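Spelled out from the first residue to the last, the chains are:
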Amino acid sequence: MAFDRLSRRGFLGGSAAVLGAGTFAPRLARAETTEIRALLITGGPLYPKYWEKVVADFTAKTGIKVKYDLLEFTPLTTKVVTLGAARSNLYDVFSTHTAQIDSFFNYFAPLNEYFSEDELKDFYQVGVDYLVNPKTKGLAAIPRNMDARTQYYRSDVYAEHGLKAAVTWEDLVDVSQKLTGNGYYGLVVPGQGDPAQRTFSDLLWQAGGDWVDDAGKPSFNAAPGIEALTYYRDLIQKWKVVPPDAVSYQWNENSTQFSSGAVMDTFDWPGAFSTLSNPETSKVVGKWSTAPYVRNRTAISCAISHAMALNSMSKKKDAAVEFIKYTVSPEAQLLNFNDYSNFPSRLSVAKQVVSEASGAKAEWLAQLEQTIATGKEWPKLPGFSRVCTLMFSTIERALSNQQSPEDALNQASAEALQIMTQAGAYN
Amino acid sequence: MTAAAQPAGRRWRGSPLAPSWQKGYLFASPALIVMIAILIYPLIYSFVMSFYRWDLSSPSQYFVGLSNYRDTFNSLGFKQTLRVQLIFSAVTIVVEVAAGMGVAVLVNGRLRGLKLARTLLLVPPMIAPAVVGLNFRWLFNGQYGLVNGILRFLGLPEAPWLSDPDWALASVMIADIWQNTPLLVLLFLAGLQSLPQEPIEAAQVDGASSWGIFWHITLPLMRPILMIALMLRIIDTFRTFDVVWLMTQGGPGGATSLITVNAYQSAFQSASFGHASAVSYVALAMSLLFLALLYGAPWAARKMRRNS
Numbered sequence: 001m002a003f004d005r006l007s008r009r010g011f012l013g014g015s016a017a018v019l020g021a022g023t024f025a026p027r028l029a030r031a032e033t034t035e036i037r038a039l040l041i042t043g044g045p046l047y048p049k050y051w052e053k054v055v056a057d058f059t060a061k062t063g064i065k066v067k068y069d070l071l072e073f074t075p076l077t078t079k080v081v082t083l084g085a086a087r088s089n090l091y092d093v094f095s096t097h098t099a100q101i102d103s104f105f106n107y108f109a110p111l112n113e114y115f116s117e118d119e120l121k122d123f124y125q126v127g128v129d130y131l132v133n134p135k136t137k138g139l140a141a142i143p144r145n146m147d148a149r150t151q152y153y154r155s156d157v158y159a160e161h162g163l164k165a166a167v168t169w170e171d172l173v174d175v176s177q178k179l180t181g182n183g184y185y186g187l188v189v190p191g192q193g194d195p196a197q198r199t200f201s202d203l204l205w206q207a208g209g210d211w212v213d214d215a216g217k218p219s220f221n222a223a224p225g226i227e228a229l230t231y232y233r234d235l236i237q238k239w240k241v242v243p244p245d246a247v248s249y250q251w252n253e254n255s256t257q258f259s260s261g262a263v264m265d266t267f268d269w270p271g272a273f274s275t276l277s278n279p280e281t282s283k284v285v286g287k288w289s290t291a292p293y294v295r296n297r298t299a300i301s302c303a304i305s306h307a308m309a310l311n312s313m314s315k316k317k318d319a320a321v322e323f324i325k326y327t328v329s330p331e332a333q334l335l336n337f338n339d340y341s342n343f344p345s346r347l348s349v350a351k352q353v354v355s356e357a358s359g360a361k362a363e364w365l366a367q368l369e370q371t372i373a374t375g376k377e378w379p380k381l382p383g384f385s386r387v388c389t390l391m392f393s394t395i396e397r398a399l400s401n402q403q404s405p406e407d408a409l410n411q412a413s414a415e416a417l418q419i420m421t422q423a424g425a426y427n
Numbered sequence: 001m002t003a004a005a006q007p008a009g010r011r012w013r014g015s016p017l018a019p020s021w022q023k024g025y026l027f028a029s030p031a032l033i034v035m036i037a038i039l040i041y042p043l044i045y046s047f048v049m050s051f052y053r054w055d056l057s058s059p060s061q062y063f064v065g066l067s068n069y070r071d072t073f074n075s076l077g078f079k080q081t082l083r084v085q086l087i088f089s090a091v092t093i094v095v096e097v098a099a100g101m102g103v104a105v106l107v108n109g110r111l112r113g114l115k116l117a118r119t120l121l122l123v124p125p126m127i128a129p130a131v132v133g134l135n136f137r138w139l140f141n142g143q144y145g146l147v148n149g150i151l152r153f154l155g156l157p158e159a160p161w162l163s164d165p166d167w168a169l170a171s172v173m174i175a176d177i178w179q180n181t182p183l184l185v186l187l188f189l190a191g192l193q194s195l196p197q198e199p200i201e202a203a204q205v206d207g208a209s210s211w212g213i214f215w216h217i218t219l220p221l222m223r224p225i226l227m228i229a230l231m232l233r234i235i236d237t238f239r240t241f242d243v244v245w246l247m248t249q250g251g252p253g254g255a256t257s258l259i260t261v262n263a264y265q266s267a268f269q270s271a272s273f274g275h276a277s278a279v280s281y282v283a284l285a286m287s288l289l290f291l292a293l294l295y296g297a298p299w300a301a302r303k304m305r306r307n308s
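Protein sequence lines, in the order shown, are assigned to chains A and B. 1 is the number of the first residue of the first sequence in this note's numbering; add one for each residue after it. 1 is the number of the first residue of the second sequence in this note's numbering; add one for each residue after it.
For the record, the hints were derived by calculation from the structure and aren't laboratory data. Source: prediction; values computed, not measured. Misleading hints may appear alongside valid ones.
Computed footprint of chain A on chain B; a stretch qualifies when at least three of its residues, placed anywhere within it, have a C-beta under 8 Å from a C-beta of chain A [stated by the list, open to error]:
id, region
1, 135-145
2, 151-164
3, 244-252
4, 262-272
From the three backbone atoms N, C-alpha and C, an ideal C-beta is built for every residue, glycine too.
Just chain A, with the same shape it has in the complex (with noise of 0.2 Å):
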């Protein structure tokens, strides 16, 4: 038998080979096929198979690996501030979004390189704008698919009221009052943190205002800002016609108090249109349709989008940007608006979902290319993301009542001058 004859010498030589083929074979194995890592965005029960769709089908054609981590909005976003504060290169590729792009200048490579003038031209303009870091021109992100918010409504309950999607400030006010009472409220809103800040923002677009005058220094508190925040905080402390709760509403519980059949109205982003038809989410499928947002003296909202970002000190940066580039390519975002109603970034692809679109759908999709085409961000100024956080509080501090919305915005204002003065917003 062999073990009979098995020397010491042999037993230790054998030993060696199996520890050291064990050790270098993998590595070995490695070296033939790169691998990635990514943080990528999250958020309900669904989303998780497209990415995982969309990882295997890319790693089907380059024979890249993807090695991805997912997190929802927030999360996300601290954990990509923590990464970036430590520049780590834990990750290569990273889920964003156009609201804190400029905190994260520094830290993603401009993807100019990658993306030529006319591949850029088939994604919408205003998506691609405000990714772009003012100072340098580095395009920080692309944008995978492009955020902007439709009215959602009980078509159930206004037809039995016998009323209409509001088309105005006075209309929501007065539709939202004959439908609050008995538990039930014609309307939500969020009203903390960066929500409350995107919802005070389409409001002073509405009103006519802007974050900024032509010089960049701050106008939000000037007469259309002082309106919009009266108008906002009025919805619900003067007409309750929200839930008091809003005050400490962000987007999931604005969007749970439509699908749970609480509130009859809300403004939300397109992926609500998918969430709200599931019945595994949404206790109000088949009883709603959309309508545009409600205007004032302009009809402007937010165009804005999620994206995607490439670490700056990834040592991969080709097979890293390979994959952002499948992520945004039309048959990703095809997969992406058919499962989850995400609507397209690339202007090709929006034509072909809107042309291939039939009924509500179709009514759906004009109100929100029409949103996108007028759509506009906040500056992305030197300090502003120190600014956003300021309105936060300023914003809420105004909904509870706390502080009149002239004199919260009048010394957000004060503040967020020294605030963008200071990080060089106007050398």
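Knowing the structure of chain A, use the given hints to seat chain B on it.
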């Protein structure tokens, strides 16, 4: 010659320390290295950061002196934060210490069911603060929360627990008191059970009332335990974050924004680490100030009495 072979008390050449000391440091060095790496180094690093403009949107960090501290004290949000922090610390510490002492005296007796009560007291401190925060967020939910449900059932007016600034502060204080009072009960209970019984029995024989015994004998004897409890709670209230963040995120409008919440927002929402570090060091300084007052005030009083 090895250190072990040297006669006791003999020093190594060039070393001022006796070999036993050197061995001690040698054995402690792994722990010291870990402590320095994960505690001292970050502490010093973040202190240095507080003097730099250090945010993600700037290509480089540069020295700004006391600017971050000046910005912090000039910002409206931080003034509100200081007020909220002082109210939160004062109310929760007073209530927790008073309630903790009261319950400890109660469960120190010989009533039936006290063993179960003492066991149950362990539950709140064992629950993670994040879980406590989430649970209380649901309990205090205006529309679907249990608390308002009970009030509705009893025909009482509902409270805007998390949407009104004053109620929101009260809500987070209730959650904090619920979680931390039992810990103080256990601490006080251990103290009460270790007190000498002779003075208390002597007072009872002399006919002193229960309140008199507690006020004039038990409480003075419990002073060292009380000081430890106060010290722990002062340190802890300046570190409280999870419960408040998960219940209110510091809102509405900064009404529950403790210093830690302010620092978190500076770091992870504004991506401004210089300011966040400055805020954190203000919290540390305040915590130390209160501890100095806690220990320094009685010392100063004793010294003044002696001098007079």
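Status of each hint after checking the structure:
Here's how the region 135-145 of chain B fares: 3 of its residues keep a CB closer than 8 Å to some CB of chain A, so the rule of at least three is met and the hint holds. Check result for the region 151-164 of chain B against chain A: holds, 4 residues qualifying (beta carbon to beta carbon below 8 Å, three or more required). Counting residues of the region 244-252 of chain B whose C-beta lies closer than 8 Å to any C-beta of chain A gives 5; at least three are required, and the coverage claim holds. Only residues whose beta carbon comes within less than 8 Å of a beta carbon in chain A count, and the region 262-272 of chain B has 8; three or more means the coverage holds.
The structure agrees with every numbered hint stated previously.
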